[in-house]
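Engineer: If you want the building blocks of each chain, they are given just below.
Protein chains: 2
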Amino acid sequence: MKPMGPIPPWFEAEEGMLLIEGSGVAALVDEAGDTPLFVYDMNVVRAKIALLRDAMPDGLHLHYAMKANPYAPLLAAIGPLVDGFDIASGGELEMALGSGMAAERISFAGPGKRDDELRAAIQAGVTINLESEGEAARALGIGEIVGVTPRLAVRVNPDFDLKGSGMKMGGGAKPFGVDAERASALARSVIAAGAEWRGWHIFAGSQALDAAALMETQAATVALAARLSDEVGATPPLVNIGGGFGVPYFPGDLPLDVKAIGLALEEVLTLPPDSLRGSAFALELGRYLVAEAGVYLTRVVDVKDSHGERFAIVDGGLHHQLAASGNFGTVVRRNYPVAIANKFGLEGPEQAVTVEGCLCTPLDRLADKVALPAVEPGDLIAIFLAGAYGASASPAAFLGHRPALEMLVGD
Amino acid sequence: MKPMGPIPPWFEAEEGMLLIEGSGVAALVDEAGDTPLFVYDMNVVRAKIALLRDAMPDGLHLHYAMKANPYAPLLAAIGPLVDGFDIASGGELEMALGSGMAAERISFAGPGKRDDELRAAIQAGVTINLESEGEAARALGIGEIVGVTPRLAVRVNPDFDLKGSGMKMGGGAKPFGVDAERASALARSVIAAGAEWRGWHIFAGSQALDAAALMETQAATVALAARLSDEVGATPPLVNIGGGFGVPYFPGDLPLDVKAIGLALEEVLTLPPDSLRGSAFALELGRYLVAEAGVYLTRVVDVKDSHGERFAIVDGGLHHQLAASGNFGTVVRRNYPVAIANKFGLEGPEQAVTVEGCLCTPLDRLADKVALPAVEPGDLIAIFLAGAYGASASPAAFLGHRPALEMLVGD
Chain A
43 MKPMGPIPPW
53 FEAEEGMLLI
63 EGSGVAALVD
73 EAGDTPLFVY
83 DMNVVRAKIA
93 LLRDAMPDGL
103 HLHYAMKANP
113 YAPLLAAIGP
123 LVDGFDIASG
133 GELEMALGSG
143 MAAERISFAG
153 PGKRDDELRA
163 AIQAGVTINL
173 ESEGEAARAL
183 GIGEIVGVTP
193 RLAVRVNPDF
203 DLKGSGMKMG
213 GGAKPFGVDA
223 ERASALARSV
233 IAAGAEWRGW
243 HIFAGSQALD
253 AAALMETQAA
263 TVALAARLSD
273 EVGATPPLVN
283 IGGGFGVPYF
293 PGDLPLDVKA
303 IGLALEEVLT
313 LPPDSLRGSA
323 FALELGRYLV
333 AEAGVYLTRV
343 VDVKDSHGER
353 FAIVDGGLHH
363 QLAASGNFGT
373 VVRRNYPVAI
383 ANKFGLEGPE
393 QAVTVEGCLC
403 TPLDRLADKV
413 ALPAVEPGDL
423 IAIFLAGAYG
433 ASASPAAFLG
443 HRPALEMLVG
453 D
Chain B
43 MKPMGPIPPW
53 FEAEEGMLLI
63 EGSGVAALVD
73 EAGDTPLFVY
83 DMNVVRAKIA
93 LLRDAMPDGL
103 HLHYAMKANP
113 YAPLLAAIGP
123 LVDGFDIASG
133 GELEMALGSG
143 MAAERISFAG
153 PGKRDDELRA
163 AIQAGVTINL
173 ESEGEAARAL
183 GIGEIVGVTP
193 RLAVRVNPDF
203 DLKGSGMKMG
213 GGAKPFGVDA
223 ERASALARSV
233 IAAGAEWRGW
243 HIFAGSQALD
253 AAALMETQAA
263 TVALAARLSD
273 EVGATPPLVN
283 IGGGFGVPYF
293 PGDLPLDVKA
303 IGLALEEVLT
313 LPPDSLRGSA
323 FALELGRYLV
333 AEAGVYLTRV
343 VDVKDSHGER
353 FAIVDGGLHH
363 QLAASGNFGT
373 VVRRNYPVAI
383 ANKFGLEGPE
393 QAVTVEGCLC
403 TPLDRLADKV
413 ALPAVEPGDL
423 IAIFLAGAYG
433 ASASPAAFLG
443 HRPALEMLVG
453 D
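Residue numbers (this note's numbering), protein chains in the order written: chain A, 43 to 453; chain B, 43 to 453.
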């Protein structure tokens, strides 16, 4: 048998049926009409946001990076709970505005913004996080053409990275933002050109579970923002210090100590450097807010043995949950937390089961030799930690299977 | 600089503009209306099929595994050139029938077929490649309910794998087919139940460039089919010996020697074992027929330098070409062949350029430090070998960007 990641501790069952917001998941599947089904629980999102609001310094803005999960009912429910949405495309701009989020609380990052995307964002009054001098020139030109003063922040490629992060987005040569040594010149030039300068966006990495590394990165980020603002000679209205808060997907992962991070950040921000007096600060989180709120439910279609190993074949797969198959940004395949949702929390013998998606490719493995109760066709498999980078980040059309259903509860 | 895979040798240019079927790609982009654009050239598909027909033994069936590329105009054009389509879902069944392919020339493999998919396939008269005893029981039951005699082949998990293949689909415990030692019993039982037994499906791996390994696997496959047929005591109408023919994606890859494979297979099939006298044989290929026919065209949105490295940011990315980013079934990221399509085949100095997709994630790297002519915004980047597992196998909705356009030429 191989280990799996930790099942979030708040999940309970009634007579062996996994509950989400008090409902048995079989009933939720009936309500949705079919499997595979993503269920997102707003209670979990609210609890994560409350935990953060409590732990972080007063006045710290909280942004939702909607790339993590752009499901429309979820956006509509999260919007009132956060201070802004961060978007990464023209499509996300439409979704963000459609959710009711005010344009002045939206900021747009992304290294390859097309002219039509810049134009739509500038016309709407969204802040553009500039990724290069070339993009700044295009944004200023488009602002003139459409007769709107563009709201521009400068995204900085910091001189440090976030240690222990799943994906490094700073340190060394990077496609994101401008190198720190050119950032203040770019800010000065957009101010001189008459744009509304919104401040800095500094994002050093993602999916880190090491609080000390995050604390160190946040302190370095604020220090960098102060130095750059000094060079500009102006106070940035907003400093987006990025995110990078991870969630425990894999065996041995422990939840992030956000209390410790909040205390350290409070210390950094209580007496900010002169050049940041009056600046607001924002934390930009996607995965951290929504990953644990999602459960992917997929039905066992077949149970078979091959050379002494047991396989449960399900009606879902990597076309909905690419990351759980280990094919998206991970080098070594490890098991997400998984359970038989209709045999949840039962005492009794377990056996090693490999959960295989329905796709006709050996890549489609959702769980490798995990310990589960005796599995039968018709059982519902739950894959936890499915609220971020699931439905929207998977190759939904691959092999012509149908897309997953999605459902929000607790809103 | 880092090496890239070989650009297919037949590509030419006119005044630096890459040509596909005699047209400059800039004109093709104008015709399609935008980038990113996949262009598929039927001339290349026809040439690959002609090469195979010439190299392989007379009478060998050639099937297209449509999972490689289900673009409707491509299916309609390939259908008349091959002996059948292999499908992997109910969605692909609809696409195959919609393309005009006759149901009796379609076979359906896939470890997680749902009851509704089995029903649709049996009613249409499609051959089901049975993946387990449980699936056989379901197929027989559905056949009775709908009053149609099911056409059933048995998919065998062989006791050997395809050496050097990118993905192993046989050898050891596998989710595909039934273990070889149980295959003849399953065939006997479906015959006894009154189904139409269509034969064997034996698929040992994919994306192999080693002709000797493929020859060895094919000989072992035919020998296994003979042994199993002996055990059944009946001649299989068709033996699908799988595929596994690879294409040269990466540095150092050489085209497969299909002539050698054809000669060896001819020797195997000229005097088939008694139990296979009268059987037809089929080769099932997806990637091999279409990968080299496709070019992905994406426009440079921005050119920027970071810490001395040059980045070309394009309007496409892994949401269309996941495999080229190294995030789908590969452990080590290597470069697909890539070029500046409007500066193709020109003499002159080159520089190291990293081609980065537009997605706001460090995973979205399409080419890492490849040697290209001086790159500018507006340039068209061509990624070759984009005809298989591109548009349909990538997370199209990720980050809210628009889907790629697709176009077939030469049909």
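Check before you lean on any hint, since a few could be wrong.
[To be verified] Computed, partial: chain A to chain B, Cβ under 7 Å: (1) M84; (2) R156; (3) D221.
[Said to hold, decoys possible] Calculated lysine-lysine pairs in the DSBU-like style (CA-CA distance at most 35 Å, straight line): (4) K385/B - K411/A; (5) K44/B - K301/B; (6) K205/A - K301/A; (7) K205/A - K411/B; (8) K411/A - K44/A; (9) K44/A - K385/B; (10) K205/B - K385/B; (11) K44/A - K301/A; (12) K385/B - K411/B; (13) K205/A - K411/A; (14) K44/B - K385/B; (15) K205/A - K44/B.
Since the hints were derived computationally from the structure, they do not count as laboratory data. Yeah, the Cβ is synthetic: ideal placement off N, Cα and C, and Gly gets one too.
Engineer: Given the hint that K44/A pairs with K385/B, does the C-alpha gap stay at or below 35 Å?
Structural biologist: violated (51 Å)
Engineer: Does the alpha-carbon distance linking K205/A and K411/B stay inside the 35 Å limit?
Structural biologist: holds (24 Å)
Engineer: For the pair supplied as a hint, K205/B and K385/B, confirm whether the alpha-carbon distance does not exceed 35 Å.
Structural biologist: violated (39 Å)
Engineer: Below or equal to 35 Å on CA atoms is what counts here, so check K205/A against K411/A.
Structural biologist: holds (31 Å)
Engineer: Would you mind confirming whether the straight-line C-alpha gap from K385/B to K411/B stays at or under 35 Å?
Structural biologist: With Cα atoms ~17 Å apart, K385/B and K411/B stay inside 35 Å; holds.
Engineer: Measuring from the C-beta of D221/A to each C-beta in chain B, is the shortest one below 7 Å?
Structural biologist: holds (5 Å)
Engineer: Within 35 Å, alpha carbon to alpha carbon, are K205/A and K44/B?
Structural biologist: holds (26 Å)
Engineer: Measure nothing beyond the straight line between the CA atoms of K411/A and K44/A; if it is 35 Å or shorter, mark the hint as holding.
Structural biologist: holds (6 Å)
Engineer: Taking 35 Å as the top limit, are the C-alpha atoms of K205/A and K301/A close enough?
Structural biologist: holds (19 Å)
Engineer: Using 7 Å as the Cβ threshold, decide whether R156/A counts as touching chain B.
Structural biologist: Holds, about 6 Å.
Engineer: K44/B and K301/B were given as a pair; does the straight-line alpha-carbon distance stay at or below 35 Å?
Structural biologist: holds (32 Å)
Engineer: Given the hint that K44/A pairs with K301/A, does the C-alpha gap stay at or below 35 Å?
Structural biologist: With Cα atoms ~32 Å apart, K44/A and K301/A stay inside 35 Å; holds.
Going down the numbered hints, you'll see the structure goes against 1, 4, 9 and 10, while the others check out.
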